[in-house]
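Peer 1: Here the sequence shown is numbered in this note's numbering, starting from 103 and rising by one per residue.
Hints were generated in silico from the structure; no laboratory data involved.
Check each hint, because a few of them may be wrong.
To be verified - Derived PhoX-like pairs (lysine-lysine); straight-line CA-CA distance at most 25 Å:
(1) K194 - K749
(2) K381 - K194
(3) K381 - K634
(4) K731 - K749
(5) K557 - K434
(6) K662 - K639
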Amino acid sequence: MPEPEATGTERNTASPDTIPDSPPPTGGLSPKSVAAWVLVALIGAIGWGVLALSRGEEISAAWLLAAALGSYAIGYRFYARFISDRVLKVDKTRATPAERLDNGVDFHPTDRRVLFGHHFAAVAGAGPLVGPVLAAQMGYLPGTIWIVAGVIFAGAVQDMVTLFFSTRRDGRSLGQMARDEIGPVGGAAALIAVFAIMVILLAVLALVIVNALAHSPWGVFSIGMTIPIALFMGVYLRVLRPGRVTEVSVIGVALLLLAIVAGGWVAESSFASTFTLEKETLVVWMIVYGFTASVLPVWMLLAPRDYLSTFMKVGTIALMAVGVVLAMPTLKMPAVTDFAARGDGPVFAGSMFPFVFITIACGALSGFHSLVSSGTTPKMIQKETQVRVIGYGAMLTESFVAVMAIIAACIIEPGLFFAVNSPAGVIGTSVETASQAVTHFGFAISPEALAQAAKDVEETSLLSRTGGAPTFALGMSQIFSSVIGGAGMKAFWYHFAIMFEALFILTTVDAGTRVGRFMLQDTLGNVHKSFKDISWKPGVWLASAVVVGGWGYFLWVGVKDPLGGINQLFPLFGIANQLLAAVALAVCTTLLIKSGRLRWAWVTGVPLAWDVAVTLTASYQKIFSDDVKVGFFAQRDKYQTGIDAGKVLPPAKNMDEMHTVVTNATVDGALSALFALLIVIVLLDAARTCFKAISDPSSVRLSEVPWTESKIVAPAGLIPTADERAELAAAGLDSGGGRTKEPVA
């Protein structure tokens with residue numbers, strides 16, 4: 103029996119070379135494999151070459167698709183495997199928390215296909231759909247480079263490494279890992295920052311859903327039906343037909359498609375009024391749903407619903423990619439616009455660095471993902487070897503969604519893009535004033551074209567439909583209608599895309615609430631030991647109520663007051679999310695060094711350095727910039743001056759709203775400074791811990807749990823290899839894997 107690696111708080115691991123983990127696969131690639139990977143590399147390289155070398159001419163969006171897919175394939179096959187096998191040294195003989203602590207509530211070994219669906223659905227929220235659309239004001243090239251390079255070298259690495267280290271610590275939350283491994287000072291700062299940022303992120307995501315589903319009977323019915331379908335799937339897999347993942351997948355997808363079609367019928371029937379909900383009603387239902395999903399056993403609702411949603415998410419995006427190949431739309435947006443250099447874009451203000459890298463978070467690098475990777479997923483994963491497909495693979499899939507979003511934004515006419523995404527205060531409220539304003543930007547579009555674009559999708563107007571979602575829907579409708587149905591189907595595809603976006607985002611709210619519950623219980627466990635048992639019923643109910651109460655309060659006030667609640671904190675979303683990524687990467691880098699992997703610390707250290715440079719630069723500008731479009735305190739001073747002069751400045755409509763704007767800008771500026779300070783404290787304490795570990799390896803103590811032999815046999819990837827199929831057959835198991843009484847050699 104091999105000795106375990108880094109067992110508990112008393113064992114020091116100065117050099118991972120002495121750790122007898124499972125050895126990396128031996129043997130080189132076959133000639134056929136070499137040829138195939140060379141071809142993949144060439145396709146990606148040609149795609150990048152066409153994108154980089156185009157000079158003003160329109161090029162096919164298919165080249166952007168080729169560049170991204172080729173890069174993803176190379177990154178997953180080689181870089182992710184290198185990290186998994188050489189850096190982390192994943193151990194398939196080591197039992198995961200899901201196996202050791204299985205209680206059927208929070209800890210539950212879950213088929214890697216279902217868990218992939220849950221993890222992807224949990225992390226893929228509004229970000230990959232919205233951020234790339236907004237960043238398209240800088241042109242298609244800066245955003246595309248960041249999406250692809252960022253995910254391969256930063257985002258997917260963060261997700262996988264965080265998942266690995268949390269799995270080795272009984273699924274501890276990110277904040278608790280920071281406290282255990284960095285120290286009480288940095289840990290306390292991390293716990294405060296992580297929880298506060300998480301509440302803001304969840305409230306923002308929930309607001310997007312409420313805005314998308316308000317007065318939409320089709321969307322409310324279709325999304326509402328995913329809940330009973332998921333409950334049925336959960337019972338089916340656990341009670342009726344255990345392990346029949348393929349079987350339940352077919353049934354679930356069929357029911358999902360029926361629910362989508364039926365949603366259209368309901369919207370045209372006498373039942374439409376029943377499912378036409380006001381924003382306030384949606385807020386109440388979302389709070390109830392978030393609480394319920396947090397306290398129910400994970401196998402009953404959360405995992406099957408996320409898995410079900412993944413079929414629609416991935417299926418729709420894959421069909422969209424096929425549509426790009428068939429329709430071959432051209433990229434209308436320039437590779438790089440003048441706004442990239444000037445920083446005075448109408449969609450968002452600020453220079454390309456750092457604000458493109460803040461605007462595009464999910465899809466490239468997102469701190470929210472680290473909460474899921476240290477929340478629900480490590481408590482459900484069957485084998486350590488699955489961290490690559492679930493952590494790295496799911497993030498690549500989300501990045502592909504971001505690529506499709508930037509394609510959707512860049513294939514429509516730039517004039518239409520800026521008319522849709524610019525606020526009314528910039529372009530006015532009529533097609534005539536919008537046409538004049540957009541022409542001033544350098545992108546001409548006639549009033550008639552703007553009116554026709556709205557008519558094509560059966561909307562009264564598309565002007566100032568900010569937030570990114572309507573633009574994505576326009577691009578998707580253009581692609582799908584080019585392949586199926588023609589111009590007459592544009593309206594159908596547009597409204598389908600709006601409903602699709604709401605479904606996309608809702609799964610992050612339910613999983614995020616459960617993650618927040620884990621985080622709060624971990625924190626309270628430092629004060630009262632009972633909370634350490636995250637399935638302790640009083641703790642479950644109390645922590646869930648606090649989390650939904652937190653984001654629910656900001657959501658409710660934001661819906662009632664266009665300048666209050668989460669609307670007040672919305673400007674913090676991008677920076678806060680990326681600051682959270684800095685915490686995750688700092689924890690991962692610290693753990694690599696403490697566990698004796700100093701020579702590999704660059705794997706997370708380089709992305710950490712980049713993220714810190716981006717986020718602290720952005721924070722500095724948001725706090726100290728004299729530009730009222732960028733700096734919070736500059737905005738406060740402008741409106742305070744207006745108040746002193748008795749003037750009402752837009753978007754305020756009266757003097758009370760002027761005072762609200764001043765308050766909001768002050769709060770946002772103060773919170774930006776506070777979050778930046780907390781992150782600096784975490785970084786300094788992490789640096790102290792790393793220096794101590796390097797200078798005195800004997801002092802290192804890890805909070806890793808002791809090694810326990812696994813009795814679960816399961817494939818590492820979605821598709822079993824030949825060796826894995828033989829191992830499963832020898833254990834008498836199907837492709838889903840499962841427990842065996844005796845370990846398989």
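Peer 1: Each hint should be assessed against the structure and marked as holding or not.
Peer 2: Now for the hints, and whether the structure bears them out:
{"no.": "1", "hint": "K194 - K749", "result": "violated, 68 Å"}
{"no.": "2", "hint": "K381 - K194", "result": "violated, 48 Å"}
{"no.": "3", "hint": "K381 - K634", "result": "violated, 37 Å"}
{"no.": "4", "hint": "K731 - K749", "result": "holds, 19 Å"}
{"no.": "5", "hint": "K557 - K434", "result": "holds, 21 Å"}
{"no.": "6", "hint": "K662 - K639", "result": "violated, 33 Å"}
Taken one by one, the earlier hints fail for this structure at numbers 1, 2, 3, 6, listed in ascending order.
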